[in-house]
Amino acid sequence: MNAFGFYEPTSVRKAVAIAADHSEGKYVAGGQTLLAAMKLGLATPSDLVDLGKIPELAAITYDKAADAVVVGSMAKHAQVAASSEIASRIPALAHVAGLIGDVQVRNRGTLGGSIANNDPAADYPAAVLGLGATIVTDQRKIAADEFFKGLFETALNPNELITSVSFPVPKRAAYMKFRNPASRFAVVGVFVAQAGSGIRVAVTGAGSAGVFRVKAMEDALAKNWSPDAVKSIAVPASGLQTDIHASAEYRAHLITVLAQRAIAAA
Amino acid sequence: MTDTTVREKSTTAKSNPAAKPTGPIGQRLERKEDRRFLTGAGQYTDDVKLAHQSYAYFLRSPHAHARIKSIGTKAAASSPGVLGVFTGNDLPATVGGLPCGWLITGTDGKPMKEPKHPLLAQGKVRHVGDQVAMVVAESLEQARTAAQRIDVDYEPLPAVVDVRDALKKGAPAVHDEVPDNTCYVWALGDKGAVDAAFAKAAHVTTLDFVNNRLIPNAIEPRACNAAYNRADESYLLYVSNQNPHVERLLMTAFVLGLPEHKVRVISPDVGGGFGSKIFLYAEETVCVLASKQVGRPIKWTADRSESFVSDAHGRDHVTKAELALDKDGKFLAMRVQTRAAMGAYLSTFASCVPTILYATLLAGQYTTPAIHCEVTAVFTNTAPVDAYRGAGRPEATYVVERLVATAATEMKIAQDEIRRRNFIRTFPYQTPVALQYDIGDYDACLNGAMELADVPGFPQRKTEAARRRKLRGLGYASYIEACGLAPSNVAGALGARAGLFEAGEVRVHPTGKVTVFTGSHSNGQGHETTFSQVVADRLGIAVDDVDVVHGDTGRIPFGMGTYGSRSLSVGGTAIMKAVDKIVAKGRKIAAHLMEASDADVEFVNGKFTVKGTDKNVPFAQVALTAYVPHNYPLDKLEPGLDETAFYDPTNFTYPAGTHICEVEIDPETGETKIVNFTAVDDFGNIVNPMIVEGQVHGGVAQGIGQALLEGCVYDRESGQLLTGSYMDYAMPRAADLPNFQVDTRVTPCTHNPLGVKGCGEAGAIGAPAAVINAVCDALGVKDIEMPATTERVWRAIRSNANRAA
Amino acid sequence: MKISVSLTVNGKPVAAEVEARTLLVQFLRENLELTGTHVGCDTAQCGACTILVDGKAVKSCNMLAVQAQGADVTTIEGLAPNGDLHPMQEAFRRHHGLQCGFCTPGMVLTAVGLAAQNANPSEAQIREALDGNFCRCTGYHNIVKAVKSGIEEMA
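Chains P, G and U, in that order, are what the protein sequence lines are.
The opening position of the first sequence corresponds to residue 1 in the working numbering, with each subsequent residue numbered one higher.
The opening position of the second sequence corresponds to residue 1 in the working numbering, with each subsequent residue numbered one higher.
The opening position of the third sequence corresponds to residue 1 in the working numbering, with each subsequent residue numbered one higher.
Derived by calculation from the structure, the hints in this document are not laboratory data.
Worth double-checking, as some hints may not be accurate.
Here are the simulated DMTMM-like pairs of lysine to aspartate or glutamate, each with C-alpha atoms no more than 20 angstroms apart in a straight line [what the hints assert, rightly or not]:
hint, chain 1, residue 1, chain 2, residue 2
1, P, K53, U, D54
2, U, K2, P, D119
3, G, K513, G, E671
4, P, K53, U, E30
5, P, K231, G, E138
6, P, K39, U, E30
7, U, K12, U, E30
8, G, K782, G, E638
9, U, K145, G, E464
10, P, K231, G, D642
11, U, K2, G, D666
12, U, K145, G, E30
13, U, K148, G, D736
14, P, K39, U, E19
15, G, K49, U, E30
16, G, K673, U, D84
17, G, K513, G, E464
18, U, K2, G, E141
19, P, K149, P, D119
20, G, K32, U, E33
21, G, K673, G, E464
22, U, K2, P, E8
23, G, K74, G, D90
24, G, K588, G, E638
25, P, K53, U, E19
26, G, K49, U, E153
27, G, K191, G, E322
28, P, K231, P, D219
29, G, K585, G, E668
30, G, K168, G, D151
31, G, K32, U, D84
32, G, K673, U, E19
33, U, K148, G, E30
34, U, K145, U, E128
35, P, K39, G, E141
36, G, K32, G, D547
37, G, K49, U, D72
38, G, K607, G, E671
39, P, K141, P, E153
40, G, K32, U, E90
Keep in mind that this is a model prediction, so the values were computed, not measured.
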């Protein structure tokens with residue numbers, strides 16, 4: 001691994017200031033993707049700004065006014081999976097967190113790290129988009145629909161730091177994941193949610209531009225919330241990924257199967 | 001002929017339930033080695049720290065095939081901390097290529113093609129990961145940084161990674177001197193008899209399939225640490241390896257030209273091998289060579305990414321197989337044509353795997369009277385292919401048991417029934433493919449497996465699964481393997497360039513404690529425990545009074561190592577022979593002490609006794625007398641009690657058994673779940689059932705891995721390895737596997753004193769065919785390619801549905 | 001750039017100056033010579049390097065030493081400080097939950113981490129909990145048995 005500078009700010013303000021001073025630097029949250037990439041020479045930041053010493057970033061709270069669960073960007077997957085706050089209000093979100101990676105990854109990996117990286121096969125983007133969450137940064141609030149911009153691309157400005165994500169509590173929601181047998185990322189993951197603001201179906205793992213919503217399914221579910229409503233809705237394979245683990249055609253098929261199962265489970 | 005008459009045929013072998021053990025042999029003893037492994041006190045090669053050690057980093061080819069126009073090393077050599085940069089151009093002219101230990105002679109009477117396997121690429125690189133240069137530096141980071149400054153000018157060439165492509169006319173030649181990429185074409189069996197039998201067959205079953213390439217993936221990556229000692233001009237090499245004496249012999253005699261007695265190879269605790277650490281590799285050889293020039297110990301440990309591209313891979317066959325049957329399902333003949341990948345270079349035992357260890361097993365457990373197999377060995381622009389757990393025998397079992405299962409389905413004969421109609425029941429049995437089976441009881445394992453797997457309950461389970469819209473299938477594999485490698489004269493006649501005996505030394509200390517030095521090795525099989533059990537049993541002493549030393553050419557007389565499920569049957573027998581010598585000498589000492597004649601003294605339960613009397617001398621007293629020879633027949637007998645034996649087996653051993661796999665498939669997603677896996681095996685006598693069960697579990701897991709998860713994929717155009725990390729190569733995890741039901745039946749091996757056959761590879765041999773037979777049964781398809789991934793299963797279901805529609 | 005780091009390893013305070021890029025596993029193996037923690041891959045998947053950080057299973061190949069500032073680290077060497085095997089170690093031995101031993105320290109520590117989360121896990125939960133630990137020798141059968149029994153013994 002290349003040498004780099006290392007900073008451990010104790011506040012968001014300091015973290016952002018340090019990042020501003022190091023244009024080739026990177027924030028490191030749980031580091032479960034970044035450190036692995038650095039070991040292989042796939043990422044070579046000049047400096048790391050570690051967010052692990054900013055306690056407020058790891059909080060999980062309930063925002064009564066907005067009827068939303070607010071999860072700090074440094075909340076670890078294991079913490080989200082085990083949170084009673086989340087389990088009681090959005091169990092599907094806890095379920096998503098509990099399916100990420102493996103035990104060890106969940107003990108280090110964070111919500112903010114995951115969505116800032118926006119791996120097209122990561123689980124969290126499906127939940128964030130599927131629940132119509134709002135990403136809160138040191139600068140602004142970004143709607144989930146505006147946040148994910150493509151493969152490993154987000155709406156974040158350079159040095160912009162995610163501080164929390166606000167998940168509106170849905171009426172019901174569920175996530176179904178078809179795991180990659182090697183990496184344990186999602187070959188396909190489908191998150192469905194029915195909320196006051198409407199119905200959302202978000203798909204991760206499959207899209208060649210990352211997580212996306214399935215409008216046709218949402219419309220069908222708005223009329224009839226049942227697995228049968230989406231049974232004959234197929235996402236065109238043309239926009240989906242093909243790799244050694246699954247063809248676009250197979251992924252398209254799995255989206256429909258998993259969507260039905262998610263609706264049944266929600 | 002009805003099945004009843006077949007079954008009534010004379011049976012010379014009947015398996016026995018294991019007798020209740022009286023001594024240490026047969027006990028489920030906890031392992032002696034576990035304490036150190038469980039407390040972090042194990043010492044693996046990367047844990048070895050030599051004074052003043054430096055670090056090696058290998059620059060590897062990013063291309064599958066390219067000509068090296070030039071290599072510039074100046075910038076690297078002047079990089080901070082660098083102690084030396086080595087390329088193929090720098091190797092002394094006296095240094096040879098890595099040798100292949102088995103000469104195969106082709107059907108044309110000519111020896112196989114053996115293009116040079118240089119330690120560092122010379123002129124060309126031939127696979128992704130081919131080692132191009134080694135940098136040695138004060139730290140690993142410095143070596144790695146310097147390696148990035150080496151300027152290699154490559155002229156990329158078209159690559160071939162698939163044997164079918166490599167054999168096409170006009171295909172790129174991996175080696176210029178082998179323009180058709182054919183290492184050899186080899187055959188075994190009576191082609192005329194086979195053709196005649198096919199001509200009169202009532203039914204012929206044909207299958208075309210690929211036996212998928214696997215990457216062994218011992219969890220400990222390969223590693224070495226090499227040091228040169230100026231004082232006595234000797235070398236010390238620590239290396240993670242299965243056979244340190246063979247490593248030393250090949251390295252000194254065939255590659256580096258160093259005096260064998262000046263090189264000590266130590267292979268400490270080894271974190272799994274599964275075949276991949278049998279071989280002499282370039283990395284440790286270059287480290288030994290460079291350690292003298294650098295004047296410092298050189299340490300190298302593979303990154304997992306390097307392991308993927310540079311460890312020898314396994315399998316990779318493309319096969320057409322045919323079985324001819326009469327109208328009653330009796331096998332008349334088998335015809336097999338296999339194209340087997342060798343990879344870019346011939347690894348140490350590459351040539352014998354798809355021939356000697358493959359075609360000879362095609363009789364399986366059956367009386368098939370005529371078999372012919374033709375094997376074309378093919379160079380490809382991939383990592384070398386060599387022995388991986390089972391080595392040839394899983395591929396053979398896959399051929400036989402896929403054919404048998406498919407024929408049964410086609411002829412509407414029950415899976416067990418078709419096997420019973422063809423089982424060998426008279427021993428010794430000479431197969432038409434060179435081997436002579438000494439003993440076995442195939443019905444016993446089949447019956448045992450069917451009972452344990454609750455085959456009668458299967459239809460009900462299938463119906464119940466169907467109610468949940470799941471598909472259930474049952475698959476059998478009745479495998480045989482030839483283990484206990486091997487009678488040296490037979491191996492020699494077949495082309496082996498090495499002996500395949502084993503050596504053992506038993507050193508009795510003055511207090512009666514014993515140290516055993518074995519030329520075999522343990523890569524996790526627990527030999528420190530089982531070998532102690534064997535010796536303690538025979539000498540009537542406590543298991544804890546025996547220590548086992550392995551993996552060190554400096555301490556052990558000689559050895560051939562651990563592979564081919566040989567350690568107990570060959571290595572253990574060598575130890576037994578040494579123990580026999582100890583007992584024989586002890587009897588003379590005891591006779592002297594008791595003033596009896598040698599012939600009247602017997603050794604029972606740890607005591608030398610004068611027959612028919614209660615006069616006796618305990619073993620420990622004899623040991624003490626041997627080292628304090630005050631009252632001792634010094635005129636007739638040397639003092640001391642330390643004996644060495646070399647044992648060369650007279651035949652292979654033939655473990656056999658039946659594995660039954662039950663799968664449940666989700667037809668919507670294509671997911672296959674193994675709901676039950678049963679293995680009933682005959683390994684001969686068993687020294688430690690707990691360890692044997694563990695070996696079966698591990699082998700089965702690797703077999704299931706091959707069948708459902710693991711497949712090494714190279715891009716057919718670019719030759720890049722697409723499964724180059726655990727992100728893409730699917731290793732079996734705990735949640736992918738079921739609990740296993742295992743049991744044994746015993747027909748003791750007839751030609752070694754322990755009556756043992758070997759158990760290390762059985763699981764990996766039987767499981768792939770059992771799993772795929774189960775998947776095919778569930779889906780109602782004739783074949784599905786391994787690994788039967790969820791998408792392949794889904795596609796099979798879909799094309800079935802389309803056909804039905 | 002060297003950074004001072006102080007933490008507790010197996011109950012003992014440790015302080016050192018390390019480069020930021022030093023992985024925690026390197027720090028343990030090279031600086032502290034605690035070679036029971038193994039490295040089996042470079043993509044943070046095999047789990048051979050698993051240790052406990054503040055009681056939780058973590059892959060020490062995917063964490064910087066400097067990130068362990070102030071942490072309480074347990075490696076396999078620290079599990080049996082008095083020489084008596086920890087109940088989980090004992091269970092692995094009794095159930096033959098190890099063969100070559102290379103993955104074993106990580107397996108044992110993951111299992112100890114699981115015990116803290118779930119005092120009575122089902123077989124399926126144990127198998128899922130071992131998702132981040134590869135074993136190539138045992139087929140997991142005996143590991144699962146050992147973990148179940150070890151957690152029962154720890155209760």
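Evaluated hints:
A distance of roughly 15 angstroms separates the Cα atoms of P:K53 and U:D54; the hinted pair therefore holds under the 20 angstroms criterion. Restraint check for U:K2 and P:D119: the C-alpha separation of about 32 angstroms exceeds 20 angstroms, so the hint is violated. A hinted pair counts as satisfied when its Cα atoms are at most 20 angstroms apart, and G:K513 with G:E671 does not qualify at roughly 55 angstroms. Of the supplied pair hints, the one linking P:K53 and U:E30 is violated, its CA atoms being roughly 26 angstroms apart against a limit of 20 angstroms.
About 63 angstroms separates the Cα atoms of P:K231 and G:E138, which puts this hinted pair outside 20 angstroms; it is violated. The straight-line distance between the Cα atoms of P:K39 and U:E30 is roughly 17 angstroms, inside the 20 angstroms bound, and the hint therefore holds. Between U:K12 and U:E30 the CA atoms are separated by roughly 17 angstroms; this keeps the pair inside 20 angstroms, and the hint holds. The suggested pairing of G:K782 with G:E638 is violated, with an alpha-carbon distance near 69 angstroms, which exceeds 20 angstroms.
The straight-line distance between the Cα atoms of U:K145 and G:E464 is roughly 28 angstroms, outside the 20 angstroms bound, and the hint therefore fails. Taking the CA atoms of P:K231 and G:D642, the gap is about 77 angstroms. The hint is violated against a cut of 20 angstroms. At roughly 55 angstroms between alpha-carbon atoms, U:K2 and G:D666 are farther apart than 20 angstroms, so this suggested pair is violated. Between the alpha carbons of U:K145 and G:E30 the distance comes to roughly 15 angstroms, so the proposed pair stays at or under 20 angstroms and holds.
With a C-alpha separation of about 18 angstroms, the suggested pair U:K148 and G:D736 falls inside the 20 angstroms cut-off, and the hint holds. The straight-line distance between the Cα atoms of P:K39 and U:E19 is roughly 14 angstroms, inside the 20 angstroms bound, and the hint therefore holds. For the suggested pair G:K49 and U:E30, the alpha carbons sit about 9 angstroms apart, so the restraint of at most 20 angstroms is met. For the hint pairing G:K673 with U:D84, the CA-to-CA distance comes to about 40 angstroms; that exceeds 20 angstroms, so the pair is violated.
The hinted pair formed by G:K513 and G:E464 fails the criterion: a straight-line CA distance of about 60 angstroms is larger than 20 angstroms. At most 20 angstroms may separate the alpha-carbon atoms for a hinted pair to count; U:K2 and G:E141 meet this at roughly 16 angstroms. Straight-line distance between C-alpha atoms of P:K149 and P:D119 comes to about 11 angstroms, which keeps the hinted pair within the 20 angstroms bound. With a CA separation close to 24 angstroms, the supplied pair G:K32 and U:E33 exceeds the 20 angstroms bound.
A hinted pair counts as satisfied when its Cα atoms are at most 20 angstroms apart, and G:K673 with G:E464 qualifies at roughly 15 angstroms. Proposed proximity of U:K2 and P:E8 is supported: the alpha carbons are some 14 angstroms apart, at most 20 angstroms. For the hint linking G:K74 to G:D90, the alpha-carbon distance of about 13 angstroms falls within 20 angstroms, and the restraint holds. At most 20 angstroms may separate the alpha-carbon atoms for a hinted pair to count; G:K588 and G:E638 meet this at roughly 11 angstroms.
Proposed proximity of P:K53 and U:E19 is supported: the alpha carbons are some 19 angstroms apart, at most 20 angstroms. Between the alpha carbons of G:K49 and U:E153 the distance comes to roughly 37 angstroms, so the proposed pair goes past 20 angstroms and is violated. Using a Cα cut-off of 20 angstroms, the hinted pair G:K191 and G:E322 holds, with the two alpha carbons roughly 13 angstroms apart. Only pairs whose Cα atoms come within 20 angstroms are accepted, and P:K231 paired with P:D219 is accepted, the gap being roughly 13 angstroms.
For the proposed pair G:K585 and G:E668, the alpha carbon gap of about 71 angstroms is over 20 angstroms, so the pair is violated. Of the pairs offered as hints, the one joining G:K168 and G:D151 is violated, with about 34 angstroms between alpha carbons and a cut-off of 20 angstroms exceeded. For the hint pairing G:K32 with U:D84, the CA-to-CA distance comes to about 15 angstroms; that is within 20 angstroms, so the pair holds. For the given pair, G:K673 sits about 47 angstroms from U:E19 by alpha-carbon distance, which is inconsistent with the 20 angstroms threshold.
Restraint check for U:K148 and G:E30: the C-alpha separation of about 18 angstroms stays at or below 20 angstroms, so the hint holds. The hinted pair formed by U:K145 and U:E128 meets the criterion: a straight-line CA distance of about 14 angstroms does not exceed 20 angstroms. Taking the CA atoms of P:K39 and G:E141, the gap is near 11 angstroms; set against the 20 angstroms cutoff, the hint holds. For a cut-off of 20 angstroms, the pair hint linking G:K32 to G:D547 stands: about 9 angstroms separates their Cα positions.
With a CA separation close to 27 angstroms, the supplied pair G:K49 and U:D72 exceeds the 20 angstroms bound. At most 20 angstroms may separate the alpha-carbon atoms for a hinted pair to count; G:K607 and G:E671 exceed this at roughly 61 angstroms. For the suggested pair P:K141 and P:E153, the alpha carbons sit about 17 angstroms apart, so the restraint of at most 20 angstroms is met. Note on G:K32 and U:E90: the hinted pairing holds, with a Cα-Cα distance of about 13 angstroms set against a maximum of 20 angstroms.
Hint violations for this structure: numbers 2, 3, 4, 5, 8, 9, 10, 11, 16, 17, 20, 26, 29, 30, 32, 37, 38, all remaining hints satisfied.
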